[in-house]
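Participant: Chains as they are written, first to last, in UniProt numbering: chain A, 1 to 407; chain B, 1 to 407.
Honestly, the hints are just simulated from the structure, not real lab data. Every value quoted in this text rests on a predicted model; they were computed, and no experiment measured them. Some hints could be false.
Where chains are identical, the list cannot tell them apart; a pair therefore holds if satisfied intra-copy or between any two copies.
Straight line, CA to CA, 25 Å or less: simulated SDA-like cross-link-like pairs of lysine to any residue [as the list claims (entries may be wrong)]: (1) 259 with 359; (2) 141 with 121; (3) 238 with 371; (4) 83 with 300.
Here are the chains, one letter per residue:
There are 2 protein chains.
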Amino acid sequence: MASAGRAGVGTNQEDIRRHNLGTVLGHVHRSERLSRAELTARMGLNRSTIAGLVTELESLGLAEQAKPSGARIGAGRPSVDVKARSGAYVLAVDLRVDGLTVARVGLGGIIQSRATGPVPQGHDPHAITDSVLDLMRLVVKDVEPGSALVGVGVGVPGIIRAEDGLVRLAPNLSWRDVPFAQILGERLGSIGMPVLGNDADLGALAEHLRGAGVGVEDLVYLSGEVGVGAGVIVSGHKLEGAGGYAGEIGHMPFLPDGKLCHCGAHGCWETEIGAEAIALAIGCPAERVGALGEFLEGVHEASPDLRQVGRHLGRGIAGIVNMLNPRVIVLGGYLRSLSPLVQEDVDQEIAVHALTASHELVRVTLPGLGGDSVLHGAAELAFEPLLADPVGRLATACRDAEAALAV
Amino acid sequence: MASAGRAGVGTNQEDIRRHNLGTVLGHVHRSERLSRAELTARMGLNRSTIAGLVTELESLGLAEQAKPSGARIGAGRPSVDVKARSGAYVLAVDLRVDGLTVARVGLGGIIQSRATGPVPQGHDPHAITDSVLDLMRLVVKDVEPGSALVGVGVGVPGIIRAEDGLVRLAPNLSWRDVPFAQILGERLGSIGMPVLGNDADLGALAEHLRGAGVGVEDLVYLSGEVGVGAGVIVSGHKLEGAGGYAGEIGHMPFLPDGKLCHCGAHGCWETEIGAEAIALAIGCPAERVGALGEFLEGVHEASPDLRQVGRHLGRGIAGIVNMLNPRVIVLGGYLRSLSPLVQEDVDQEIAVHALTASHELVRVTLPGLGGDSVLHGAAELAFEPLLADPVGRLATACRDAEAALAV
Numbered sequence: 001m002a003s004a005g006r007a008g009v010g011t012n013q014e015d016i017r018r019h020n021l022g023t024v025l026g027h028v029h030r031s032e033r034l035s036r037a038e039l040t041a042r043m044g045l046n047r048s049t050i051a052g053l054v055t056e057l058e059s060l061g062l063a064e065q066a067k068p069s070g071a072r073i074g075a076g077r078p079s080v081d082v083k084a085r086s087g088a089y090v091l092a093v094d095l096r097v098d099g100l101t102v103a104r105v106g107l108g109g110i111i112q113s114r115a116t117g118p119v120p121q122g123h124d125p126h127a128i129t130d131s132v133l134d135l136m137r138l139v140v141k142d143v144e145p146g147s148a149l150v151g152v153g154v155g156v157p158g159i160i161r162a163e164d165g166l167v168r169l170a171p172n173l174s175w176r177d178v179p180f181a182q183i184l185g186e187r188l189g190s191i192g193m194p195v196l197g198n199d200a201d202l203g204a205l206a207e208h209l210r211g212a213g214v215g216v217e218d219l220v221y222l223s224g225e226v227g228v229g230a231g232v233i234v235s236g237h238k239l240e241g242a243g244g245y246a247g248e249i250g251h252m253p254f255l256p257d258g259k260l261c262h263c264g265a266h267g268c269w270e271t272e273i274g275a276e277a278i279a280l281a282i283g284c285p286a287e288r289v290g291a292l293g294e295f296l297e298g299v300h301e302a303s304p305d306l307r308q309v310g311r312h313l314g315r316g317i318a319g320i321v322n323m324l325n326p327r328v329i330v331l332g333g334y335l336r337s338l339s340p341l342v343q344e345d346v347d348q349e350i351a352v353h354a355l356t357a358s359h360e361l362v363r364v365t366l367p368g369l370g371g372d373s374v375l376h377g378a379a380e381l382a383f384e385p386l387l388a389d390p391v392g393r394l395a396t397a398c399r400d401a402e403a404a405l406a407v
Numbered sequence: 001m002a003s004a005g006r007a008g009v010g011t012n013q014e015d016i017r018r019h020n021l022g023t024v025l026g027h028v029h030r031s032e033r034l035s036r037a038e039l040t041a042r043m044g045l046n047r048s049t050i051a052g053l054v055t056e057l058e059s060l061g062l063a064e065q066a067k068p069s070g071a072r073i074g075a076g077r078p079s080v081d082v083k084a085r086s087g088a089y090v091l092a093v094d095l096r097v098d099g100l101t102v103a104r105v106g107l108g109g110i111i112q113s114r115a116t117g118p119v120p121q122g123h124d125p126h127a128i129t130d131s132v133l134d135l136m137r138l139v140v141k142d143v144e145p146g147s148a149l150v151g152v153g154v155g156v157p158g159i160i161r162a163e164d165g166l167v168r169l170a171p172n173l174s175w176r177d178v179p180f181a182q183i184l185g186e187r188l189g190s191i192g193m194p195v196l197g198n199d200a201d202l203g204a205l206a207e208h209l210r211g212a213g214v215g216v217e218d219l220v221y222l223s224g225e226v227g228v229g230a231g232v233i234v235s236g237h238k239l240e241g242a243g244g245y246a247g248e249i250g251h252m253p254f255l256p257d258g259k260l261c262h263c264g265a266h267g268c269w270e271t272e273i274g275a276e277a278i279a280l281a282i283g284c285p286a287e288r289v290g291a292l293g294e295f296l297e298g299v300h301e302a303s304p305d306l307r308q309v310g311r312h313l314g315r316g317i318a319g320i321v322n323m324l325n326p327r328v329i330v331l332g333g334y335l336r337s338l339s340p341l342v343q344e345d346v347d348q349e350i351a352v353h354a355l356t357a358s359h360e361l362v363r364v365t366l367p368g369l370g371g372d373s374v375l376h377g378a379a380e381l382a383f384e385p386l387l388a389d390p391v392g393r394l395a396t397a398c399r400d401a402e403a404a405l406a407v
C-alpha cells in the first residue's frame, strides 16, 4: 500500500501492459486467424494500443501480421490479420495406462511433432520418466532454432494435488502419493518443472477451448480409459471441489455387489464400462487391453455383452445429466470407439433414466479433437504462464531443448 | 452509451448509493450484530459514508444503531453497533410432499411467526394455493403496522424453471409443467409474484449463509424428503447447470433392477433412501409416511432393514464425495433423524467407497438450522430484491398484507 510513488505507478503501468500483452496473445492463440479490428473490439482498447501490442508480440516471435483476409470490418480499410507464430512451444504429455504420447505443440494449438510409446510394465514412475524423456528427445529434434520452450504439461489418469503435482491416487497405475511432478522435474533440469493435470480435466479444458464445446458453459468430458473419469466445466469454470479432486465419476457406486475396482471398492461404474469390461465383452485377451482401441476398430456389430456395456454407459450418463444438467457431454478415450457401436442402447437408457427437463438440454457427442483432447489440454496447461506474462515467461524459457534433454 | 451528461452522472451516483445501501443491509442481515467499524472495514468505504448509509437504513426502518457492545476495535472510541430491524419482512413457504410450513421472516433471518398444515390430498396446485394462503393469513396477523412485506419465497420439491417459476417436474407431487408461481401469484394480488426455488437448493443456500456451512465454499445439502435432492455450492456459487436443474442426485442410477421410482425409471437412489424406503424399514404404515419424522423420533435402535438403508445412504454419499469433492455435506430432511441411528453403517460405507484424497477433506454433518433450512432458504430468496435495492423495493412493497390476503 505504501510503495514509493513513481516506482509504484511505473510498475503498475508495466503490469497492465504485460497483462494486456498476454490477453492479446491468448486471443490470437485461441483463434486460427483474427483481425486487429476484432482484437480491438474484443479487448475494448484503442487501435493504436492494439497495434503496439501486436508489434511487440511480433518482435517476440509470438505472432505475425498478415495481408488482410477477404472479409472487411465496416466500410474502412480492411484490417490487418494477426496469427500465432511458432516462436514459442510447449511439450505435452498424455500418460495413459496403456500408452504414452508426447507432442511438441506450438502457439495456436498446432501439434508440430508427436511420438508415442509403450508405458513400462509395472508403472514405475522413474521408468516412465525415462520413456517420457526419450519421446521428448524425439519431438524436439528439428525445432526451429532459438524457439522458446515455455512449459511442459502432463495429463495423468489420477487425482492430482494442484500445488505440487503430487499424484494422490492413480488406481490403474497403482500409484498412491507419487511425487511425479518432482521426479520428472528433476530430470528436465533447465526446462523447469512440469505442470500435471487430471486427464479428464484436461480433456474438458481442450474440448471447451477448441473442440466440441467451444462457447458451451456447462460441459462434461468423459474420459474412458482403463479407468473412467470426468472433467466438468460449470458456468464456464472448472469444477474443482475442496481439494481439486472433483470429477471421479468412475467411482460412483453403480452395482451394489459388482466387481472389485482398482480403487479397492466393489461395483464402481468403471468396472462396468472401463477398458477391462469392454475387452471382456469383445473377447479381447486381457494381455492385449493395451491395444483395445485397435480391437474396437475391428468390431462392426455389438454382441449382447457389448450392448450391456452400452446400457451401463447410458444409465451412468443419465445420472450425470440428472446431477449436473450439462449442455454437452463429450465421450473421450475408448468411449469414442465404443459409442457408435452401442449408440441405440446408450440413447435408450439415457431416455429412460434422465429427467426430461435436463435431458432435452443435453447433447452427447464425440470429441472435436479426436483422440487428442487430453494432449491438447496438457498443452493448454503448459501455455498458461506464457499467456499470463509473455515477456516474463520468455525471459526464463529454455532456448535449446535438445541440449537440455541430452543431459 | 450516449446518455445525457449530467443526468447520466447523477443516475450513476444514485445507482452506486443504492447499491451500497443494499450491500450494507446485506452485511447487517447476515450478521447478528455488527459494528460500524466492522462495516467500514468490510466495505472499504470511509466512516462518514458508512454512517450516512446506516442512518438512511435506520430512517427506512431496516436497521437500528445500538449502544456499543463490550468489544472495542482498536484504541479509539468503541464503535456503534448496527443490527437489523423488523421494518421489512418476507413470507417463506416450505412446500413438502407431507406438509406445508409458512413463516413470516424478518431481516436478520428471524422467524417471527410460523404456521404449518397438511398438504391437500391429490396435490392439486390450486388447492395447495388455498392452504398456503390460509397459513399466510395466520402468520401476518400481529405484524407491526406499516412494516413492509418485500417478497414471497417458496421451496418446492421439484425442478424449477428460474425465469418464470414453472415447475418442470415434481415427481412426488405428480406435477409436470405446473405454473405454480403464476397460480400463487394471481392470488397474492398486490403482494406480487412469488419466487420459487428447488428445496435442496434453498437448503444449501441457507446452510451456506447461516448454518453448518458458513464460510465453506464447497457444500452439498442433501434433502431427504419423500424424494431426495441435492443443493450444491461450488467455489461459493450455486451449481446451476445449463437450465438450472442440476442437483437431482435422488435420480442417480443406484440399483440396476431396483424399485420403480416416481420419475418413471427403476432403481434411482431415492427409492432406497427416501421416505418410503425408511418407512418400510421401520414398519411405518404407508398412509402415515407423512408423519415419518415423528415415527423416526420414536426409534432408538436400528433394525437390520434400517441399517441397510443406512448403508445405501453411505454408499451414495461416497459417490457425491468422489464426484464433487465437497468440504461439507449437510444431511437435511428425514436424513436428520435417520443418520444418528445408522451413523456407523453410513461412515463405514463412505470409508469403503470414497477415494482417500476427497474423503479426508469432507465433513458430513447435520443442518445448523435444524429442520428450517429450506424455510430459511426461501426467505433468503425472497429478500434478494430488497438487498439489491432497498429504496426501490420498499417503494412498491405491500404495507398491509392482512388486507391484501383478505381478498
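Participant: Which of the numbered hints are not met once you compare them with the structure shown?
Facilitator: As far as the earlier hints go, 2, 4 are violated by this structure, in ascending order.
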